[in-house]
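Quick note, the sequences are listed as chains A and B, same order.
Take any residue in the first sequence, note its place counting from 1, add 184, and you have its number in my numbering.
Take any residue in the second sequence, note its place counting from 1, add 184, and you have its number in my numbering.
Hints listed in this document are in silico derivations from the structure and should not be mistaken for laboratory results.
Mixed in with the good hints, there may be bad ones.
[To be verified] Simulated crosslink set (BS3-like; lysine-lysine; CA at most 30 Å straight-line):
(1) Lys370/B x Lys441/A
(2) Lys203/A x Lys466/B
(3) Lys441/B x Lys188/A
(4) Lys188/B x Lys378/A
(5) Lys188/A x Lys370/B
(6) Lys479/A x Lys441/B
(7) Lys188/B x Lys370/A
(8) Lys441/A x Lys203/B
(9) Lys466/B x Lys462/A
(10) Lys466/A x Lys479/B
(11) Lys290/A x Lys441/B
Number of protein chains: 2
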Amino acid sequence: MKIKITEVSPRDGLQNESKIVSTEEKLLFINKLMESGLEHIEVTSFVRKDRIPQLSDSNELSQLLTDDIKSKSSVLVPNLIGYENALKNGYKEIAIFTAASDSFTKKNINMSIKESIKSFEDISKRALIDGIRIRVYISTVLYCPYEGYINPSKVLETINLLENFLPYEISLGDTIGAGVPSDTEKLLNLLLNKYPSNLFAGHFHDTYGMAIANVAKSIELGIRSFDSSSGGLGGCPYAKGASGNLATEDLLYFLIKSGYETGVSLEKIISASNYIRKILNKDISSKTFQALIPKIEEN
Amino acid sequence: MKIKITEVSPRDGLQNESKIVSTEEKLLFINKLMESGLEHIEVTSFVRKDRIPQLSDSNELSQLLTDDIKSKSSVLVPNLIGYENALKNGYKEIAIFTAASDSFTKKNINMSIKESIKSFEDISKRALIDGIRIRVYISTVLYCPYEGYINPSKVLETINLLENFLPYEISLGDTIGAGVPSDTEKLLNLLLNKYPSNLFAGHFHDTYGMAIANVAKSIELGIRSFDSSSGGLGGCPYAKGASGNLATEDLLYFLIKSGYETGVSLEKIISASNYIRKILNKDISSKTFQALIPKIEEN
Numbered sequence: 185m186k187i188k189i190t191e192v193s194p195r196d197g198l199q200n201e202s203k204i205v206s207t208e209e210k211l212l213f214i215n216k217l218m219e220s221g222l223e224h225i226e227v228t229s230f231v232r233k234d235r236i237p238q239l240s241d242s243n244e245l246s247q248l249l250t251d252d253i254k255s256k257s258s259v260l261v262p263n264l265i266g267y268e269n270a271l272k273n274g275y276k277e278i279a280i281f282t283a284a285s286d287s288f289t290k291k292n293i294n295m296s297i298k299e300s301i302k303s304f305e306d307i308s309k310r311a312l313i314d315g316i317r318i319r320v321y322i323s324t325v326l327y328c329p330y331e332g333y334i335n336p337s338k339v340l341e342t343i344n345l346l347e348n349f350l351p352y353e354i355s356l357g358d359t360i361g362a363g364v365p366s367d368t369e370k371l372l373n374l375l376l377n378k379y380p381s382n383l384f385a386g387h388f389h390d391t392y393g394m395a396i397a398n399v400a401k402s403i404e405l406g407i408r409s410f411d412s413s414s415g416g417l418g419g420c421p422y423a424k425g426a427s428g429n430l431a432t433e434d435l436l437y438f439l440i441k442s443g444y445e446t447g448v449s450l451e452k453i454i455s456a457s458n459y460i461r462k463i464l465n466k467d468i469s470s471k472t473f474q475a476l477i478p479k480i481e482e483n
Numbered sequence: 185m186k187i188k189i190t191e192v193s194p195r196d197g198l199q200n201e202s203k204i205v206s207t208e209e210k211l212l213f214i215n216k217l218m219e220s221g222l223e224h225i226e227v228t229s230f231v232r233k234d235r236i237p238q239l240s241d242s243n244e245l246s247q248l249l250t251d252d253i254k255s256k257s258s259v260l261v262p263n264l265i266g267y268e269n270a271l272k273n274g275y276k277e278i279a280i281f282t283a284a285s286d287s288f289t290k291k292n293i294n295m296s297i298k299e300s301i302k303s304f305e306d307i308s309k310r311a312l313i314d315g316i317r318i319r320v321y322i323s324t325v326l327y328c329p330y331e332g333y334i335n336p337s338k339v340l341e342t343i344n345l346l347e348n349f350l351p352y353e354i355s356l357g358d359t360i361g362a363g364v365p366s367d368t369e370k371l372l373n374l375l376l377n378k379y380p381s382n383l384f385a386g387h388f389h390d391t392y393g394m395a396i397a398n399v400a401k402s403i404e405l406g407i408r409s410f411d412s413s414s415g416g417l418g419g420c421p422y423a424k425g426a427s428g429n430l431a432t433e434d435l436l437y438f439l440i441k442s443g444y445e446t447g448v449s450l451e452k453i454i455s456a457s458n459y460i461r462k463i464l465n466k467d468i469s470s471k472t473f474q475a476l477i478p479k480i481e482e483n
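Full structure from sequences and hints, please.
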């Protein structure tokens with residue numbers, strides 16, 4: 185059975201690291217990631233340069249990516265200007281974002297959930313005409329840093345608002361990594377009652393070390409697509425010092441050992457993480473990375 | 185539903201740390217652990233002083249522990265001399281050990297599995313007369329560092345050899361932390377066909393970040409007892425730099441959030457880990473510790 189991995193380290197990862205990585209280093213990092221066999225990678229975002237300086241080189245970076253890499257890439261866009269930039273740079277897939285908690289969208293983008301989805305309507309219409317695939321992130325599907333536990337019905341309501349968007353995939357984000365498998369099970373039981381399982385991807389943060397258990401539960405319930413970040417890159421902005429994204433290494437170890445197909449080389453992902461680790465001068469939180477890097481460096 | 189936690193940091197944890205902790209510091213650490221509400225703790229082992237210098241103060245330490253703590257403690261004993269020491273020091277529970285891989289027992293104690301179990305027969309007879317509870321560790325129940333994957337039938341054979349021992353609990357150890365839930369499921373399906381689920385505890389190492397997923401699967405299959413180590417203390421001797429024991433913090437986070445009763449305060453465990461962290465001068469690998477320590481230190 186094939187499991188899809190969407191690698192988010194160049195965007196979601198680097199955006200949350202304090203050090204700014206040069207365009208050339210990003211290019212090398214992305215090339216290393218692609219060499220591992222990854223087929224889906226979120227390479228950057230087209231946002232206001234002053235907002236996220238870590239990704240202010242998205243135009244320059246995009247010009248350096250090959251068509252092959254671009255065909256396997258998506259970019260995050262916050263608005264129509266970002267969408268136009270994505271289109272101009274030759275991407276075929278964009279990602280947009282909302283959340284299942286109004287407090288979260290209000291604090292982050294000063295809109296309600298409804299308003300945030302409405303703000304993407306123009307993009308949605310354009311994407312349909314331009315033949316651009318849309319991936320939607322929904323944050324805080326289990327817990328919100330401001331509201332606490334999020335009732336699954338709130339997530340379902342949010343998804344219902346997206347029906348005109350025809351997203352090919354909706355990534356369900358446990359943004360603060362607080363969820364446990366029983367939470368995931370309750371949510372998916374509700375969603376899969378109405379929507380097909382191949383509409384969803386699991387985006388579990390590993391803040392409390394629960395991500396793999398949530399992935400395992402999701403697979404049991406029919407989900408076949410997960411987001412992860414090489415080396416676990418990208419801390420959790422809501423808990424200083426804590427880990428954020430699930431590490432691609434840990435996800436791959438779990439998937440490969442469990443007998444699923446991924447098409448991705450664990451060794452090459454570790455090598456990519458090791459490259460970016462040196463540039464960022466930081467420790468890699470992935471346990472699989474820590475366990476295997478001494479063996480890989482020996483060879 | 186109540187889940188039992190056996191805290192192994194003072195023995196299994198400290199034994200694998202290079203720095204030797206003083207008896208007074210161990211006493212303070214154990215007291216802090218007990219204050220958290222833990223009801224089962226492996227406090228030390230009675231082994232040859234030259235073999236494991238980290239635990240060479242087991243007699244001195246034992247004299248400082250209160251009767252209340254001793255009634256909730258177990259000690260590891262490798263032979264009859266160790267057993268006599270445990271008895272003399274007032275313990276009511278001992279732990280002995282074997283493995284499901286002959287290569288592992290041969291490399292570690294220069295005996296086959298059968299020989300290792302035979303070597304514990306005198307202890308077993310004495311314990312029955314003395315009214316001492318026996319807990320048995322079986323290492324390498326999923327993977328062996330020398331043999332690789334271990335067939336569940338090999339674990340069953342090992343357990344069958346223990347039938348005269350009347351252990352009240354058998355702790356199933358994924359010693360190198362290489363197992364995934366599907367491995368755990370295969371093993372437990374075989375064992376629970378013959379033995380009751382309350383005979384077993386899960387002892388999952390977190391080397392590749394799989395421990396919580398294995399715990400979750402074990403609970404689904406009826407296991408209600410797990411070993412863990414505060415702060416994840418105790419590295420993996422088979423993979424330098426890698427984490428070993430499952431952190432009690434991560435286990436507790438999972439259990440509490442999943443609605444199980446533990447009787448243990450997560451905050452107090454973090455406080456105990458933080459105490460020993462400063463003495464060992466090391467980073468704590470537990471993700472739950474990393475996420476919560478800034479909040480706890482603020483208060």
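So, against the hints stated earlier in the document, which numbers end up violated here?
4, 6, 8
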